[in-house]
Amino acid sequence: MALINAFLGLGSNLGSREESLARGLALLAGSLQVVETSSIYETEPWGFTEQPPFLNMVCRVRAGIPPNELLLLCQEVERQVGRQPTFRYGPRVLDIDILDYGGTVVTSPALALPHPLLAERAFVLVPLAEIAPEWEHPVLRKRAWQLLEEVSGRGGVRLWAGPLAVASGD
Numbered sequence: 001m002a003l004i005n006a007f008l009g010l011g012s013n014l015g016s017r018e019e020s021l022a023r024g025l026a027l028l029a030g031s032l033q034v035v036e037t038s039s040i041y042e043t044e045p046w047g048f049t050e051q052p053p054f055l056n057m058v059c060r061v062r063a064g065i066p067p068n069e070l071l072l073l074c075q076e077v078e079r080q081v082g083r084q085p086t087f088r089y090g091p092r093v094l095d096i097d098i099l100d101y102g103g104t105v106v107t108s109p110a111l112a113l114p115h116p117l118l119a120e121r122a123f124v125l126v127p128l129a130e131i132a133p134e135w136e137h138p139v140l141r142k143r144a145w146q147l148l149e150e151v152s153g154r155g156g157v158r159l160w161a162g163p164l165a166v167a168s169g170d
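Residue numbers 1 to 170, in the working numbering, belong to the letters of the sequence shown in order.
Source of the hints: derived by calculation from the structure; they are not laboratory data. Among the hints, a few may not be true.
Quick list of the computed label-pair ranges, beta carbon to beta carbon [said to hold, decoys possible]: (1) 80 with 150: 31 to 39 Å; (2) 50 with 103: 35 to 43 Å; (3) 154 with 80: 29 to 37 Å; (4) 1 with 49: 26 to 34 Å; (5) 149 with 110: 17 to 25 Å; (6) 19 with 143: 31 to 39 Å; (7) 47 with 140: 30 to 38 Å; (8) 134 with 154: 12 to 20 Å; (9) 116 with 145: 19 to 27 Å; (10) 141 with 76: 15 to 23 Å; (11) 80 with 165: 28 to 36 Å; (12) 161 with 109: 18 to 26 Å.
Note that the coordinates shown come from a computational prediction; the quantities given were computed from them, not determined experimentally. Each residue gets a CB set at the ideal place from its N, CA and C atoms; glycine is no exception.
Model the full structure from these sequences, guided by the hints.
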């Protein structure tokens, strides 16, 4: 299978947040080419707000597996880093969302691509626009920078640290 450019959103709000992001990236790099990572941003929780703030980032990867297998890989990495089952939008050691998979549109019970809430989440759009401002949403036909200009809540996204260094899994 040809390598497909995909974007993943990573977030953590339990334990050593930055360490959890770094461990998740390292595990992803064992199976994918991690091409680029955004800076890390601290953000207020979204959905369920009575929990600690998150650290969030986005990475661009090249995947040689189909999107459903990428989802399984992301879930396995979450488990390996220590994620436990919780309620929707609850606190977590590591959360990995597939934001986009080569512009593919998927609607299934297990996976929706692009991520259905991507355009509503400043904590995703800020780091996405940092590394891929010209990325185009395959349904809305707007660039990342345009979506960022339109989203509310940008003020709640604060720069925490520069991009994490990660070795490629080649």
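For each hint, the structure was consulted:
{"no.": "1", "hint": "80 with 150: 31 to 39 Å", "result": "holds, 36 Å"}
{"no.": "2", "hint": "50 with 103: 35 to 43 Å", "result": "holds, 36 Å"}
{"no.": "3", "hint": "154 with 80: 29 to 37 Å", "result": "holds, 32 Å"}
{"no.": "4", "hint": "1 with 49: 26 to 34 Å", "result": "violated, 40 Å"}
{"no.": "5", "hint": "149 with 110: 17 to 25 Å", "result": "violated, 32 Å"}
{"no.": "6", "hint": "19 with 143: 31 to 39 Å", "result": "holds, 33 Å"}
{"no.": "7", "hint": "47 with 140: 30 to 38 Å", "result": "violated, 21 Å"}
{"no.": "8", "hint": "134 with 154: 12 to 20 Å", "result": "holds, 19 Å"}
{"no.": "9", "hint": "116 with 145: 19 to 27 Å", "result": "holds, 20 Å"}
{"no.": "10", "hint": "141 with 76: 15 to 23 Å", "result": "violated, 33 Å"}
{"no.": "11", "hint": "80 with 165: 28 to 36 Å", "result": "violated, 20 Å"}
{"no.": "12", "hint": "161 with 109: 18 to 26 Å", "result": "violated, 36 Å"}
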